[in-house]
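**Student:** The residues making up each chain are set out below.
Protein chains: 2
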Amino acid sequence: MADVAATKERRIIVAIDEGEESMYALTWCLKNVISQNSNDTLILLYAKPPRVVYPTLDGTGYLFSSDIMASMDRYVSDMANGVIEKAKKLCREQSGDGQVKVEATVGDGDPRDVICDTVEKLGADVLVMGSHGYGWIKRAFLGSVSNHCAQNVKCPVLIVKKPKSTINGSK
Amino acid sequence: MADVAATKERRIIVAIDEGEESMYALTWCLKNVISQNSNDTLILLYAKPPRVVYPTLDGTGYLFSSDIMASMDRYVSDMANGVIEKAKKLCREQSGDGQVKVEATVGDGDPRDVICDTVEKLGADVLVMGSHGYGWIKRAFLGSVSNHCAQNVKCPVLIVKKPKSTINGSK
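Protein sequence lines correspond, in order, to chains A and B. So the first sequence is numbered by full-length UniProt numbering: it starts at 1 and just counts up by one. So the second sequence is numbered by full-length UniProt numbering: it starts at 1 and just counts up by one.
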């Protein structure tokens with residue numbers, strides 16, 4: 001990282017989901033973008049599916065009772081927490097002594113909107129994301145989330161593709 | 001930049017054209033990606049238009065004599081040299097004492113193919129590019145070069161958009 005970057009405060013958003021590719025993107029970012037001795041803040045961003053998407057999860061099209069909806073809400077919240085914890089663990093492992101400042105935020109809705117809105121709201125300096133979501137994002141939405149974000153956010157976007165031969169999410 | 005990146009050799013390709021956005025992307029890369037104390041090599045990549053594209057430059061559709069074609073070849077070569085010199089000057093200015101290793105390469109053809117092929121051939125670790133070409137790339141081709149490359153190259157792609165309010169290509 002150039003000297004300028006080492007002294008400048010930067011807010012780096014990494015979009016994560018339950019797929020391996022976003023964890024690979026996070027690992028790559030920690031190794032290649034984050035300055036351990038800088039004021040960089042890494043912001044983990046997870047987009048929860050909105051309720052309207054739930055019925056697509058099993059594809060039956062049935063209307064659900066409030067109990068089932070509450071269970072699904074819990075399931076989705078647990079999934080979000082699980083992904084964030086996994087990402088935080090990765091940050092601790094990669095940064096060694098925990099010098100990297102890590103924050104986490106969860107948004108509801110279409111990940112394209114959640115990511116673009118959060119980048120603007122937080123005034124991010126860089127957005128990092130995998131080229132495809134392997135989780136519910138891929139199942140629920142047509143089109144590429146990364147393409148949409150690259151076209152619509154104002155800050156630089158780093159798109160990290162997981163090599164097919166890579167094992168355990170690290171290069 | 002993380003410690004790992006500071007010791008690892010990385011080949012960073014920056015796709016440039018005669019537009020301001022690619023120069024902004026290069027500046028951003030020098031400030032935020034390149035490690036001055038590392039073994040990073042910055043490779044400036046310019047894609048020259050193939051001859052078949054020349055007639056579109058004036059839009060008349062006339063067939064040109066060999067003299068005119070030779071003049072156009074010289075013009076395009078001069079343009080390539082001019083862009084590369086401008087980019088090298090930027091590298092010297094931004095890196096101060098010239099510690100950054102800079103190489104330059106020129107390819108012929110559709111910039112999408114030139115960029116993707118060069119990334120693979122040189123085994124690049126990162127590809128950096130503006131989100132749009134303002135030069136002949138934009139005039140001659142429909143569709144986004146950056147989108148195509150983001151989808152097709154295997155290495156991480158950093159797409160840098162020039163803010164509308166930015167003056168002189170620096171943030």
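If you are wondering where the hints come from, they were derived from the structure by calculation, not from laboratory data. All figures in this text were calculated on a predicted structure; none of them were measured in a lab. Possibly wrong hints are sitting among the right ones.
Unchecked claim - In silico EDC-like cross-links for lysine to aspartate or glutamate, where the CA-CA straight-line distance does not exceed 16 angstroms: (1) Lys89(A) <-> Glu18(A); (2) Lys31(B) <-> Glu103(A); (3) Lys164(A) <-> Asp78(B); (4) Lys121(A) <-> Glu103(A); (5) Lys164(B) <-> Glu9(B); (6) Lys48(B) <-> Glu9(B); (7) Lys154(B) <-> Glu120(B); (8) Lys101(B) <-> Glu9(B); (9) Lys48(A) <-> Glu9(A); (10) Lys31(A) <-> Glu9(B); (11) Lys48(B) <-> Asp73(B); (12) Lys164(B) <-> Glu120(A); (13) Lys154(A) <-> Glu103(A); (14) Lys164(B) <-> Asp125(B); (15) Lys48(A) <-> Asp125(A); (16) Lys31(A) <-> Glu20(B); (17) Lys31(B) <-> Glu120(A); (18) Lys48(A) <-> Asp73(A).
**Student:** Hint by hint, say whether it matches the structure.
**Tutor:** Verification of the hints:
1. The hinted pair formed by Lys89(A) and Glu18(A) meets the criterion: a straight-line CA distance of about 14 angstroms does not exceed 16 angstroms.
2. Between Lys31(B) and Glu103(A), the direct Cα distance comes to roughly 24 angstroms. Violation of the 16 angstroms bound is thereby established for this hinted pair.
3. Distance hint between Lys164(A) and Asp78(B) is unfulfilled; the C-alpha atoms sit about 41 angstroms from each other, more than 16 angstroms.
4. Simply put, Lys121(A) and Glu103(A) have alpha-carbon atoms about 15 angstroms apart, close enough for the 16 angstroms limit, and the pair holds.
5. With a C-alpha separation of about 34 angstroms, the suggested pairing of Lys164(B) with Glu9(B) is violated against the 16 angstroms cut-off.
6. Proximity of Lys48(B) to Glu9(B) is assessed by CA-CA distance (about 28 angstroms); at most 16 angstroms being required, the pair is judged violated.
7. In summary, the hint linking Lys154(B) to Glu120(B) is supported, as the alpha carbons are separated by about 8 angstroms, within the 16 angstroms threshold.
8. Note on Lys101(B) and Glu9(B): the hinted pairing holds, with a Cα-Cα distance of about 11 angstroms set against a maximum of 16 angstroms.
9. Of the pairs offered as hints, the one joining Lys48(A) and Glu9(A) is violated, with about 28 angstroms between alpha carbons and a cut-off of 16 angstroms exceeded.
10. For the proposed pair Lys31(A) and Glu9(B), the alpha carbon gap of about 13 angstroms is at most 16 angstroms, so the pair holds.
11. Restraint check for Lys48(B) and Asp73(B): satisfied, since their Cα atoms lie roughly 10 angstroms apart, inside the 16 angstroms limit.
12. The suggested pairing of Lys164(B) with Glu120(A) holds, with an alpha-carbon distance near 15 angstroms, which does not exceed 16 angstroms.
13. Taken as a hint, the Lys154(A) and Glu103(A) pair is broken in the structure, with Cα atoms around 21 angstroms apart against an allowance of 16 angstroms.
14. Between Lys164(B) and Asp125(B) the CA atoms are separated by roughly 29 angstroms; this puts the pair beyond 16 angstroms, and the hint is violated.
15. Taking the CA atoms of Lys48(A) and Asp125(A), the gap is near 23 angstroms; set against the 16 angstroms cutoff, the hint is violated.
16. The suggested pairing of Lys31(A) with Glu20(B) is violated, with an alpha-carbon distance near 30 angstroms, which exceeds 16 angstroms.
17. With a C-alpha separation of about 21 angstroms, the suggested pair Lys31(B) and Glu120(A) falls outside the 16 angstroms cut-off, and the hint is violated.
18. Restraint check: the Cα-Cα separation between Lys48(A) and Asp73(A) comes to about 10 angstroms, which is no more than 16 angstroms; the hinted pair holds.
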